[in-house]
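*Asks:* Work from the hints to combine the two standalone chains into their complex.
So the protein lines, in turn, are chains E and X.
Using my numbering, the letters of the first sequence map in sequence onto residues 1 to 267.
Using my numbering, the letters of the second sequence map in sequence onto residues 1 to 96.
In case anyone wonders, no lab produced these hints; they're calculated from the structure.
Virtual Cβ for every residue (Gly too), placed ideally from N, Cα, C.
Possibly wrong hints are sitting among the right ones.
[Claimed, not checked] Among the chain X residues that face chain E by a calculated CB cut under 10 Å, a handful are:
id: 1; residue: D14
id: 2; residue: V21
id: 3; residue: E24
id: 4; residue: E27
id: 5; residue: I59
id: 6; residue: D61
id: 7; residue: T62
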Amino acid sequence: MSVGAVVIAKNTNGIDYVKLARWNAKNISRHLNVPVTLITDEPDDYPEFDNVLAAPSDSEHRSRRQFADVPDLVVWRNSGRHAVYSLSPYDTTLLLDVDYVVASDVLKQVLESRPNLSCYRYAYDVAGLLPHNEMNFFGSLNMPMYWATVICFTKSQYAESVFRMMEMIEVNYEMYATLYKFSHRPYRNDYALSIALNTLNGHFLSAVGSIPGKIATVTHTSLVEQVGEDCYKVQYDKKNKRHELILRDMDIHVMGKTYLEDIIDRS
Amino acid sequence: MSEKLISLAKARFDYESNKKVLKEKYEAKMTFASAGGLWKASPELLTTLLVCPDDEAVILDTYGTPIKVNVKELYAETQQRWQEQMNAWLVELNSK
Numbered sequence: 001m002s003v004g005a006v007v008i009a010k011n012t013n014g015i016d017y018v019k020l021a022r023w024n025a026k027n028i029s030r031h032l033n034v035p036v037t038l039i040t041d042e043p044d045d046y047p048e049f050d051n052v053l054a055a056p057s058d059s060e061h062r063s064r065r066q067f068a069d070v071p072d073l074v075v076w077r078n079s080g081r082h083a084v085y086s087l088s089p090y091d092t093t094l095l096l097d098v099d100y101v102v103a104s105d106v107l108k109q110v111l112e113s114r115p116n117l118s119c120y121r122y123a124y125d126v127a128g129l130l131p132h133n134e135m136n137f138f139g140s141l142n143m144p145m146y147w148a149t150v151i152c153f154t155k156s157q158y159a160e161s162v163f164r165m166m167e168m169i170e171v172n173y174e175m176y177a178t179l180y181k182f183s184h185r186p187y188r189n190d191y192a193l194s195i196a197l198n199t200l201n202g203h204f205l206s207a208v209g210s211i212p213g214k215i216a217t218v219t220h221t222s223l224v225e226q227v228g229e230d231c232y233k234v235q236y237d238k239k240n241k242r243h244e245l246i247l248r249d250m251d252i253h254v255m256g257k258t259y260l261e262d263i264i265d266r267s
Numbered sequence: 001m002s003e004k005l006i007s008l009a010k011a012r013f014d015y016e017s018n019k020k021v022l023k024e025k026y027e028a029k030m031t032f033a034s035a036g037g038l039w040k041a042s043p044e045l046l047t048t049l050l051v052c053p054d055d056e057a058v059i060l061d062t063y064g065t066p067i068k069v070n071v072k073e074l075y076a077e078t079q080q081r082w083q084e085q086m087n088a089w090l091v092e093l094n095s096k
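Okay, chain X solo, but in the shape it has when bound (with noise of 0.2 Å):
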């Protein structure tokens, strides 16, 4: 029994599996639902956001489903999200 408790104090942090799990973690937490679509908060999605001209636009939510949303509105959503989720990720890396 003690040596198990030995080990057991002994284990070490595995920081190179905790990068990849909080990578996972985050991208996880980049999803919510909008418009009847559910999206994903990213460069890209904010990139396609900003080049289209109109209030209204058509694109594709993370399903493949084409959805129209209000272009500003889901742009002012995923920005907060994905800054928010960014800096969560960033503190919990740096926290360990």
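Same shape as in the complex, but just chain E (with noise of 0.2 Å):
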């Protein structure tokens, strides 16, 4: 049985989200000691990957989103995530987003324990200014969230159930929007997953096994840099006074790209 991980990355006009891959690469590869594959629309030789794989063509759904640490409107390109299931070469993948830091081994044991699929179900920003129900709960249906910046997924029927149904939810995404009360704009691969799993465990809203633990998120507010190997600083905002967090040897979702390409400048 093979094992790896797999980011996607799609450059924008803000945001080199290859160079953010080609630094986590090294961050799994450390941590995890397992192959990684990059899929991108920018194919070409880069040394911290095992395989490189061209991206499908972007969907209509490439939209464009404004986030705290970048000035202008971004072109936000998270389409097509379901072609994974079929592109991935191994038989148990690790499906991360770019801007999920590996800091750990905590997702090694997920992988040797080989789910058909699992994720995280909830998310915690480590500054707790974001409302817990704002992160892990989306739509006025106030449906439960389950996020796809962390899929494991082993090539199974059940997996490919679930990446089969993203598909469907992406294609026919304002009728689910519709359907289950939230903006259609911009696309979102959490909503799709969400609205997926939960179809396919039968509307039982508490029947779908994710990882254990929670994403620890920095959010666009808080400003991050690396201050050693594994090591992060979080400064953010709190009650009018300037706060400070040391995040070490934990995974963390940085939502702020400019602060993590700023890192890898640094590094």
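*Replies:* Have a look at this one:
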């Protein structure tokens, strides 16, 4: 049984996702000791990866989004994630967003358990500024959110069904947005995954097996810098005062991509 | 620029958030794979394994899947991971 990680990187006008992916691939290899495949629309001979595959073309859901750490609207190219199921060269795949910084071996345990498909159910803001419900439920129906940031799957009938359902949701996104009462722009993989899992588990909200633990999230409004190997300082304003935290040897989801670019440029 | 630097230098350590982050961090590190299942080292799992009378037992892993396990082996793995991570948690909490 082959095991490996896959990251998707499609550059936009504002963010060099391939650069982020190359940096993160080194972290993934160092902590998880698995081969890493890049799926990108700018394939090249990147030494950090064991495989580089061409990404399928974008669907109509190529949208723009405002991030707090970027002055202008940036193009958000997050469609087509369902294609990873057929593109991945591994029997068991860890699919990671490029802004998910691997700084521990926690996900190695998840990979070793070879789940049919598993992802995180909960995320939290390390600064404690973003409310729990805002991060973990979506739409006016308060649907439970399953995060597409980290998905571990083994090629199986169940995993294939989930990705096929995600494709169907992406193609008919406006209809699903109306049905589940959330905004149809921008397209969110998290929402598509959540709806797919909920549907395939018989609409029982508690029936989905998820990765234990929560995603430690550094939101766009928090400044993050690297202060050592696998050690990051996060600064943010709380009650009109500047606060800071040190995050050491733990995986973090850094939403402010420009801060990650700065970290890479300085490393 | 100098005002920004002063502001950054005056940043105060957030003990409240740090405590919560450490709890989430070490709870995640309690997770381990064994016998084809995924487990969370915890007093609950240790107690469950302690009350299993036979060498083998079928118990639910964190995915809710029934797994046949060797009770003594899983107990030893669980206790080791739980103790290691609790010790590390204490050390990191006290280092701030």
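*Asks:* All hints, please: hold or fail.
*Replies:* Results of checking the hints against the structure:
1. Among the interface hints, the one on D14/X holds; its C-beta lies about 4 Å from the nearest C-beta in chain E, closer than the 10 Å criterion.
2. Checking V21/X against chain E: minimum C-beta separation of about 5 Å stays under 10 Å; hint holds.
3. Because the beta carbon of E24/X sits about 6 Å from the nearest beta carbon in chain E, less than 10 Å, this interface hint is met.
4. Annotation: E27/X was flagged as interfacial toward chain E, and the flag holds, the nearest CB pair being 6 Å apart, inside 10 Å.
5. Annotation: I59/X was flagged as interfacial toward chain E, and the flag is violated, the nearest CB pair being 15 Å apart, outside 10 Å.
6. At about 8 Å, the closest approach between the beta carbon of D61/X and any beta carbon in chain E falls short of 10 Å, and the interface hint on this residue holds.
7. For T62/X, the interface hint holds, since its Cβ comes within 10 Å of a Cβ in chain E; the closest pair sits about 5 Å apart.
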